[in-house]
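Here is what each chain is made of, one letter per residue.
Number of protein chains: 4
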Amino acid sequence: MTKSVDLNADMGESFGPWNMGDDSALLDIVSSANVACGFHAGDPDVMAATMTRAMECNVGIGSHPGFADLQGFGRRKMQLSKDNLKNTVRYQLGASRGMAAALGGQVRHLKLHGALANMSSVDADMARACYEAALEVDPDIIIMVLAATEMEKVVRELGCNWAGEIFADRAYNDDATLVDRSKPGAVIHDPAVAGPRILQMVQEGAIITESGKRIATNIDTICLHGDTPTAVALAGAVRNSLTEGGIEIAQFSGRRG
Amino acid sequence: MTKSVDLNADMGESFGPWNMGDDSALLDIVSSANVACGFHAGDPDVMAATMTRAMECNVGIGSHPGFADLQGFGRRKMQLSKDNLKNTVRYQLGASRGMAAALGGQVRHLKLHGALANMSSVDADMARACYEAALEVDPDIIIMVLAATEMEKVVRELGCNWAGEIFADRAYNDDATLVDRSKPGAVIHDPAVAGPRILQMVQEGAIITESGKRIATNIDTICLHGDTPTAVALAGAVRNSLTEGGIEIAQFSGRRG
Amino acid sequence: MTKSVDLNADMGESFGPWNMGDDSALLDIVSSANVACGFHAGDPDVMAATMTRAMECNVGIGSHPGFADLQGFGRRKMQLSKDNLKNTVRYQLGASRGMAAALGGQVRHLKLHGALANMSSVDADMARACYEAALEVDPDIIIMVLAATEMEKVVRELGCNWAGEIFADRAYNDDATLVDRSKPGAVIHDPAVAGPRILQMVQEGAIITESGKRIATNIDTICLHGDTPTAVALAGAVRNSLTEGGIEIAQFSGRRG
Amino acid sequence: MTKSVDLNADMGESFGPWNMGDDSALLDIVSSANVACGFHAGDPDVMAATMTRAMECNVGIGSHPGFADLQGFGRRKMQLSKDNLKNTVRYQLGASRGMAAALGGQVRHLKLHGALANMSSVDADMARACYEAALEVDPDIIIMVLAATEMEKVVRELGCNWAGEIFADRAYNDDATLVDRSKPGAVIHDPAVAGPRILQMVQEGAIITESGKRIATNIDTICLHGDTPTAVALAGAVRNSLTEGGIEIAQFSGRRG
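Protein chains in written order, with this note's numbering: chain V, 91 to 347; chain Z, 91 to 347; chain L, 91 to 347; chain C, 91 to 347.
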């Protein structure tokens, strides 16, 4: 049986007159698109255009909710009550689903954005609030989690559909957290390094940390970026390494438990 | 067969720390609630609270989209492209549906708000764009229209589910438009006048204009307000007049054609 | 020489269609108004109306900047970079000054709002960033600080004009911090208690804590609230106690060092 | 005496994570910068960075207020009351002045943006409301108007400081209005055409229309764009043509009457 993996990227993060990222280039590379829902980026027109293009490219559509903070692009930590968190996710996922339905499509998965994701990856209560809210809207939605974090613990507890994600361009510590961006080597810019590295992780079914340690985990999808020409080149290199290594690129179907 | 009519009111128009209207009082009077969707009023927490209370009171939930204009409360005219209009409605209806689903409820109808409604009542293309967008999200949704306006023509052409609405507290011209607010008698403040007047309209199945002319139309629902103590009193008086006149208060089921 | 003290209240915290507080009632009681600047509350129309009324009542105008968070009313903690903080304060103070100048008035003081104030009262770096930003816009502005907190240390270091503030309706711990709202007695609701208590503090020139300890400090102004009928009654009682006790109510003139 | 003219461009129209235009390139070309004020673009951080760079380049700073419509970039028509218009301008100009003062700079001029400008160029009442508001904040500010429009009539009536502006890249009708964008030749893209054409207009002190008609007017400043590489090239070409033609590039000093 051929091994397969999904490739995902954040998309639809333009807003009004402002463009962000090279969504067109990424749509030729990825199999799943995390589409912003208007709170940190992505107005309704951008959402519609992004989902339409994703459908044309047979790329799976995901809802990508974030904090209501356009200026900070959802990257600034905010302290919300549990109820507010839940309502924020319900609203954004609902908006994504409404837009997708109107276009004849479907929201397959949900991935948290920015500070909402970062905080949830180390705060199980926060992750649980967000994921419960999403499952209340759609019990079958596939929750995309950062592999081997609190997020993963929560989806296992919830017994819902989920997919585990690793980053194509980030180095890992031995506890599966990301190496701090301020440290040398934290971000991988060289496509020639990133491609084989990710292929190896997928083949071994493990995160390979900076020290060489293996953390066995479910690598269902790999996060790529498109905000710079280099990022797109790296994304393409990762895809090529995987396909040349015999790994099929295909949308995750979600796992339970 | 007992005649029945629906009573509706705009609700959930608080935002963040700011309260608007007396939703609790209205929920004892109306059978349908038009719940704001966050663009002109109604943040996700307000939406959740409003829908929860509506469900507890067996009041039907509607989506009440408006222009993205908090400061102007969606009452200022904006010129949007047709695509932008459609995406604006898709997004807000989707958000309403996501929230309702998460709470175990359902969005039964859609009613446009403020300037979006006023402009659409005299601009068939605009009404059509909004209604098509809503029907793309949910083909079964009941579109609430101002009776005998361009809105009604559009829903008849679309062949969708709809319900015709008149105002409890506004005088009508002979062409079924509302008497301009600046004119004396345009707004009816006296509960003792409003109640019998609406009962008569419902019994006759016609708008009764200022001049006494009858405009036969489908009166499926009557719009009430709750933004002042007087408004709530008038709303209650209209309900009493109707029930004492043998008219049952019940959610509309929608009509086609 | 007659002792005098200023009375201040947050005002102009309505937004668009939504009203907050009873500014008219407060304007008869206070001598200084902290006028919201549009980020947490107070759109330009509200600012103009509030400043106009303050001027008519000979009430001093202050700029009351907060986090850009309408839904959260500026009460949710946000993590901003130092530069972002500074620019946020410069912008809001500038807007206040522009509005006041257009109306023939003047912004005399600045008081931070909500979470921005709470965080700054325990974080000298944050307070310094905000106050430096304000002084860069207007070197003569009077900075209103929570007496005996990090804020006060910072204004003393900066050598700027400042005024020390205590709360009329909050109990104090022995370290001059406020008793947590969740504890009994933390908030004083009884006008008959609040009035004499504040008079005593002003006469002694000291915060009197729950345990009876005296913390000598500069009480230049007393913060009142107007968001409930009770709050307005308490505000009036505090004013009466002070005037009957021989304390003149007058705008602070600012102190240095 | 050497003839001189000012070159201006809209700047600081980035927002949060989103970039717009090539401000750095333009700052080497223009003598005046119209800096967005946060309503249609330009958050406080962007304003600070843009003003700082403008000052380093000895480029005059202007306030560039627009409608509160980020998604529409201030290009969608909005119907505001006269008071709301005035307060909107007062607020934004105040914010600009606060920011400039904090950075050791000064706001020299005001130019309306987008739909606010387009509407005001044909609606004297609207222009008057905006300009009166600006002059109430700063009686000495130089108002930049579209030459030979209602805007110019208004500033002449007001007797304020003003500067007349023409577009480097737009064709003119015989009544001094711009040729509609939908018509061929309406927008001039060829630097080799734009440069000599503008030089000729400045030398003749007249708008030269498509038909060759001369409309004598005060050409104090020429509007350039930087949103595309072509736009920057055209801007540079206009500057070169002018300087090679013996016209000095210098900030306008404003004219009265």
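Source of the hints: derived by calculation from the structure; they are not laboratory data. It is possible that some hints are incorrect.
Stated by the list, open to error - Calculated pairs, PhoX-like style, for lysine-lysine (alpha carbon to alpha carbon, straight line, at most 25 Å):
id : chain 1 : residue 1 : chain 2 : residue 2
1  : V       : Lys172    : L       : Lys303
2  : V       : Lys243    : V       : Lys167
3  : Z       : Lys273    : C       : Lys273
4  : C       : Lys273    : Z       : Lys172
5  : V       : Lys273    : L       : Lys172
6  : L       : Lys303    : L       : Lys243
7  : V       : Lys167    : L       : Lys172
8  : C       : Lys172    : Z       : Lys167
9  : L       : Lys303    : V       : Lys167
10 : V       : Lys273    : V       : Lys172
11 : Z       : Lys172    : C       : Lys303
12 : C       : Lys303    : C       : Lys243
13 : C       : Lys167    : Z       : Lys167
14 : V       : Lys172    : L       : Lys167
15 : L       : Lys167    : L       : Lys273
What the hints assert, rightly or not - Covered stretches of chain L (chain C as the covering partner; in silico rule of three or more C-beta atoms under 8 Å from a C-beta of chain C):
id : segment
16 : 187 to 196
17 : 203 to 211
18 : 219 to 227
Yeah, the Cβ is synthetic: ideal placement off N, Cα and C, and Gly gets one too.
Checked hints:
| no. | hint | in the structure |
| --- | --- | --- |
| 1 | V:Lys172 - L:Lys303 | 38 Å, violated |
| 2 | V:Lys243 - V:Lys167 | 22 Å, holds |
| 3 | Z:Lys273 - C:Lys273 | 44 Å, violated |
| 4 | C:Lys273 - Z:Lys172 | 22 Å, holds |
| 5 | V:Lys273 - L:Lys172 | 22 Å, holds |
| 6 | L:Lys303 - L:Lys243 | 21 Å, holds |
| 7 | V:Lys167 - L:Lys172 | 15 Å, holds |
| 8 | C:Lys172 - Z:Lys167 | 15 Å, holds |
| 9 | L:Lys303 - V:Lys167 | 38 Å, violated |
| 10 | V:Lys273 - V:Lys172 | 33 Å, violated |
| 11 | Z:Lys172 - C:Lys303 | 38 Å, violated |
| 12 | C:Lys303 - C:Lys243 | 21 Å, holds |
| 13 | C:Lys167 - Z:Lys167 | 8 Å, holds |
| 14 | V:Lys172 - L:Lys167 | 15 Å, holds |
| 15 | L:Lys167 - L:Lys273 | 21 Å, holds |
| 16 | 187 to 196 | holds (count 6) |
| 17 | 203 to 211 | violated (count 0) |
| 18 | 219 to 227 | holds (count 3) |
The structure does not agree with the numbered hints 1, 3, 9, 10, 11 and 17 stated previously, though it agrees with the rest.
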